[in-house]
Each structure stands twice: as C-alpha cells, then as structure tokens.
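Student: Sequence:
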Amino acid sequence: MLAGLHAGVCVPAAAAPWGSQGHHSWDAAVFLTGFMPEGASEEDLVTCAQADCEASTLYKRVTAECTHKSVCSQFSKGVYAIFGFYERRTVNMLTSFCGALHVCFITPSFPVETSNQFVLQLRPELQDALISVIEHYSWQKFVYIYDADRGLSVLQKVLDTAAEKNWQVTAVNILTTTEEGYRMLFQELEKKKERLVVVDCESERLNIILNKIIKLEKNGNGYHYILANMGFMDIDLTKFRESGANVTGFQLYTSALTYDGVRVMAEAFQNLRRQRIDISRRGNAGDCLANPAVPWGQGIDIQRALQQVRFEGLSGNVQFNEKGRRTNYTLHVIEMKHDGIRKIGYWNEDEKLVPIAVDTQSGNESTSLQNRTYIVTTILEDPYVMLKKNANQFEGNERYEGYCVELAAEIAKHVGYHYRLEIVRDGKYGARDPDTKTWNGMVGELVYGRADVAVAPLTITLVREEVIDFSKPFMSLGISIMIKKPQKSKPGVFSFLDPLAYEIWMCIVFAYIGVSVVLFLVSRFSPYEWHTEEFEEGRDQPANDQTNEFGIFNSLWFSLGAFMQQGCDISPRSLSGRIVGGVWWFFTLIIISSYTANLAAFLTVERMVSPIESAEDLAKQTEIAYGTLEAGSTKEFFRRSKIAVFEKMWTYMKSAEPSVFVRTTEEGMIRVRKSKGKYAYLLESTMNEYIEQRKPCDTMKVGGNLDSKGYGIATPKGSALRGPVNLAVLKLSEQGVLDKLKSKWWYDKGECGSKDSGSKDKTSALSLSNVAGVFYILIGGLGLAMLVALIEFCYKSRSESKRMKVATHSTAFHTFSLILPRLQSCLQRRMQPRPRVESQDIGIMK
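According to full-length UniProt numbering, the sequence shown is numbered sequentially starting from 1.
Source of the hints: derived by calculation from the structure; they are not laboratory data. Bear in mind that the values here come from a model prediction, so they are computed numbers and not experimental data. Using N, Cα and C, we set each Cβ at its ideal position, and we do this for glycine too. One or more hints might be untrue.
Result set (DSS-like, lysine-lysine): computed pairs, CA atoms no more than 30 Å apart in a straight line [what the hints assert, rightly or not]: (1) Lys654 with Lys437; (2) Lys709 with Lys749; (3) Lys215 with Lys191; (4) Lys485 with Lys635.
Here are the in silico distance ranges between beta carbons for each label pair [what the hints assert, rightly or not]: (5) Ala148 with Met184: 16 to 24 Å; (6) Asp698 with Lys749: 12 to 20 Å; (7) Glu466 with Glu395: 33 to 41 Å; (8) Cys752 with Phe510: 46 to 54 Å; (9) Ala171 with Leu462: 21 to 29 Å; (10) Tyr502 with Cys752: 33 to 41 Å.
Using the sequences and the hints given, assemble the complete structure.
Tutor: What follows is the structure in structure tokens.
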C-alpha cells in the first residue's frame, strides 16, 4: 500500500520551443506529471533518468487519500503525460481519467488488464513465461498460492493452460490468511504430498510467506518453489539453500523499469519535435470531473509517439504493442539450489523458454563469475582506497580500506564473482598521450587487458567512454576550487560603525546640520515661535520683551537629543517647527532601527575574508596561481572547454612558470597549504570536501562547482560484466548503501567537527576589541568636556577682571574660592545619614 504519493513536473530538453519559422508551435515547457510512493527509492532513479534527459524536477507531496484531487489539479494545469506507480485502489481512477482525457500514463507497476490505449505498461507480463517454466520442469500437479489484491490475470492463464494440458492445480488465496491459517495450509499440503508450489505475490507479502515456510520447516530437500515475481535477486533465500530446497524465479529490477520509463517519454517528445507535430496546449486544460469529459485533441499524437518508441534500455528491448504492453522482451530465468544461484535460461515471445545447457552454463558464466578471479584496478586516494595502518599484517584485499574498497566488495557480492584489488602502477587515473595515442593509468589497464574492472573515483567522460564502458554514476560531483583557509579578520576599533556604510554616516551628519539650520530659520520667521517672558510682580518689563528659545545652539542641541533618542527640555511651538521636528524624529526612528538590527550581526560574527569566491575571480587576477592534476579529467575539462572564462584559465595554466600542475592530489593539497594563500587547486568537489574535514583543517572549498559529472565503475568495451555491474550499482543506490558509505568515510570519520563547523561566518561572544571604539569616544568626550569647562572658567574670569578692573588671576582665585565651599557643602549633604522615621502604634478604641 502507498503511504503517500509524489506529484512531479519535469521539463525535458526535447520540449524546447521552436523558433519563429513555420506554423508549428511548441510550448516553452512540456509538463509531465509523476506519481510514486512516498520515500520510495524510485525517486532517485527518476532524478537520475531526468539528468540524462536534461530535465528539471519539482516535487509536491500529497496523501494517498487525496490522490484524485492531485490528479485533477495536474490535469487542470495542462499535463502532457503521467509517469509513476499505482496501487490497487488507485489504478482504476488513474486509468479512467487518462482514458477519458486522452492523457498517457506510463507505469512500471504490476500489469493490469485494461483496454485503455492511453496506459503504457513497462513491466512485462509474466504469465506466458511462468507457464513455460512449469512446462520445463514437467509439473503435472502443483499448488498455486496467490494474492487476490494483485489481480487474477496470471492465475486465469495458468488455469486455462491446466485445462488444456490436464494439470492438477490447487489454487489458494492467502489475502486474509492468519498465522494459524498458514500452519493449517502447509499441514494440509504435507498430507497430500504437495511439494511443488508456485507463489504469485508482490515482494512484501512474498517475504512473509517465505518466512512462514522457513518457520514451518517446509524448505528442505524435495521442495521446489517457483516465484512468480520479478525480484528474485532481492529476496534472501539463504535458509532455502542451506536446507536444500530449489527455488526458481525471474529477475527484472524496478529501478531499471523506472529509468526506461522516463527515457520513453524523452524519446517520444524528441521524435515529435523532429516531426514538428503541434502538441501545444491552448486555453484551459479542463476539469477532470466535468460531465461529459472533454478529451485533449493532441493526446492521441502523444499516445502514438509513445507506442512507437523503441530502444535498448536497462530492462532490455523496450517496445510496445497496440495495447500499450511490452512486446519483444526477454526475461532471465534464475534458479537457486544447494550449490548456489545460476541462470538456467531466458524467455522471449518467439523462442519461449530457451534453457542453457548445464555444461555450457558451467563453462561460461559459472566459470567466469565464480571460478575465475577478476582483477579490479584502483588507485590509492583518500578516502577511496587507503592502506591500513597495519597493512603488513594482512594479505590481499584485506590490506586496504576505504569507500571504493567497500564498494568493490558490495558489487562483487551482488554480481557473484571473486576479485583481487591491484593498485595502478603509474598512479594515474587515465589520459591519452597526444603523441603516442596510448592510454595510461586505470583506463590503460582496462584498454590493454591488464584489468577487468576499475573501481575508483574515475570520472565518466566522453573520451574515456569511447574506449571503455561505464556503469551509471555511483557518485555525483563537479570541479571545485580549494584554497588555504584565510585568517579571521580582526575587528577594527570603530567596528560598531560597520552596520552602516561610511556614505550613510556622512549623510546623517549633513542631515543633522541641515535640520538644525532649517529649525533655526523657521523659528526666526514664524511669529508663533516668539513669546513674552513672565516677570515677577512689581518688576518693569523691558520694551523688547519677546524671546525665541531656538537659537542656533539650541537647534543643534534639540536635533542631537532627538537623534540620540533622549529628547530635550525645549520643543517647537509653531506648526512649521513641529513639522521639522516630526520628520526628523521619523528619520531617526528608521535609521536607529536599521542600525540596531544590523549591529548584533556585525559585532558577534567573525568573518574570514576570502580573496577568491569563484572561477571568475581566479581568471581575472594573476597574484594567486592555480592548477589541476597533471593527468585527469579536470585538466581535460579545461583543455576542451569553449567557455571564455575556462579558456582564459587554461591559457594561463599551460603557460605558467613554474608549472601549476601536480602529479597527485596529495601534492596539490600540500602545495595549497604551503603557498600561504598564493596557490589554488582545482579538483573534484568530493575530494575537496573530504580534505576540508581532515587535520590541520586549514583548507576550504570556495564557490560553486564548475561543472556536473559523476564517478562510474569502468569495464573494458564489450565486457560481460557491464550489465551485472550496472544493475548492482542501481540496486545499491536503491538500498541507500551508497549514501551510507559516503557519510561514513567523509563526515563520520571527519577530524574538523561537524560539516558546518568550517563555515566562513561564526557567531561568538563580544570581545573588548569589538566595542573598543565606544570606550574611546566616551573617554574622548569626557576629556573634551573637562577642557571646555576649563576654557569657560578662564573666559569668565577674564571677563570679570575687565569689568571689575582687577587682575585676571585675582578674579580666577576669587571664583575658585567660591566653588570649593559649594562643592564641600554638597559632599557633606551626600554623606550625612538620613533621619529615621519611627512608627508609633495607634490605639483603636473598641
């Protein structure tokens, strides 16, 4: 059952718009909706397939109960086709909608009986192949265990054939069987001596049945089970092999069907584009719940294009008949006995079951996969392949550890062969010599037959693909820049000014002066700013008794108080003055709020100033040298690139003296660390991230990746290992083994803390150096105040001496003698204790 569904929209490159010529039109985007189980690993395969088809993806999660709403939503947006999985309770709804609206549905789910021509089923039908296998073993009497929830098409075909050939078939539906029901079922089969069993169930229920068989000990000699399921290699049959039971089945990976399904859509739309068939969406796509439904006129063109697709995919020949079902396909028949798993034949529509002779099988596949030891070439590169600290105490493959060491073991386990790890002799990945036209490194080992497989961080490139075969990528990456980690910048004395640019500070100063001047002017011109002072009774008022509080100094003081959020003792009386004050308050409110919001971030974040942030920064400077590995895909990328920035970088690198190329990644890392920031190394992002996590933690990755590529498992051209290795990589990706391996060797074993600990900005507590400037301003202000007070004292003394016609020093001494008693009296009042107030009880008369 589906826990939830994903709805996706992908835009293939094949759907790019046509130019203005011609009368045909293409939308800028062709929307292809997908539905699949939430959390299912098939999502990764869809993403992988879309990467090959140059597509982009956007996923939206919906619940299984809301599937019909999601489908209607996607229809209303104008989808061109649907790809994905279904379950029993949603299959009828999806196929009905697609048939009514003429929108194609491509699915790798279990086949269903339908006459809907708009449903294309990627999973081949199994009934004919199953009957051929039963005939091969000459079964006349057997038990057929099935799950009704999966459908009855296979059972019906078996029963029809049984009637023709006089087979005795006991059909048992175990959809609602309990624990006790299983026990009674196998007890009954034991009484009837029924030891030949066909099990027709999906993988989840199949595992339950097999576990019940093991628990009831019905997996011994004499028992033979045929699994009507295409996931034979995904099932753990160890207990059956140990107990002696025979098990036969079929193998076809769901991930391969998923990949081929996305490719079917890409091929179909590419064909439509070549034929210039108009499939443009015009107007509203319509409501899927409308009655009657209005089908899409161009849907039949897409349906025909999809049915006409034909190519050799991961699941074999991909081709459809007029009913939208797979045709001209081949299924591999696999058997497990006490001596192991082996392929006993293959089945196709024309030849039916073609058995592989025991001696031929043994002489070819069994000998090549089991009795032969394959040479796996690799390279010493942290963390992919490393010698153990006590490697001299081990022999063979046990001497090594690392990501690729464990990956090679997993692949050998899934493919079923013995292998021996060998380090490439010249220590190179593989490049072609332009003079001798020969290949070196691991590529050369494969080309010249000295190795059978290369399991290493070997980049998939066009030039290498011409001479060797690659599996699907087991790791995605890109070229990145490694530099020495810069020292953290020390905060300046006046770092508290950093939240605002110096231009803003200058504008604030000019605004302060301008507001003060304008306030002074409007106060002089406005009659409402002048007022008459109040005098005590009996005193004569002067003739010119009107005053104005807003002189130039008071105006400056008022503006400063408002800016500092402290206010002032005076305020404008006139409307014009209040308008000036109001806009100045609004201005200071915004400025102070913005400053406060940025101040905490600027004072608590330590920054590392990096001289390089991107490839463009490298290309337009000459102070910092940069280079790549001497022989590898990174160097080839720059040599073949037609992008102006990369061409400029390549011109510099090939002519630089001394040479900027290094023989190994370790040499490049050492050069970065010893160059004191004067050398940048260009390498794969995965290795860059790994080195960043190793001590002394002094390197860092800057900027984004320059390209996008992947590492693949390499085999010689035409090798029989290519297919099994490719499927093994897909299966490891499905099971999440590849992600676990990377997490283990990159971050779990990291030496520099968490993944985010090396970020450029790090929050820390404030130190004195962050706010030293504030203290300097405080001390400077206090000193300035004392100096101004002294100047005022001297000026006042001089003025008094001229008025009284006495010596200046005499007046100063007299003034100072008046100040001291006042200061002494003030201190005494401060030091005297306050009188205590004793409380008295007040009697209350009753």
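Student: Does the structure break any of the earlier hints, and which numbers would those be?
Tutor: The structure breaks only hint 9.
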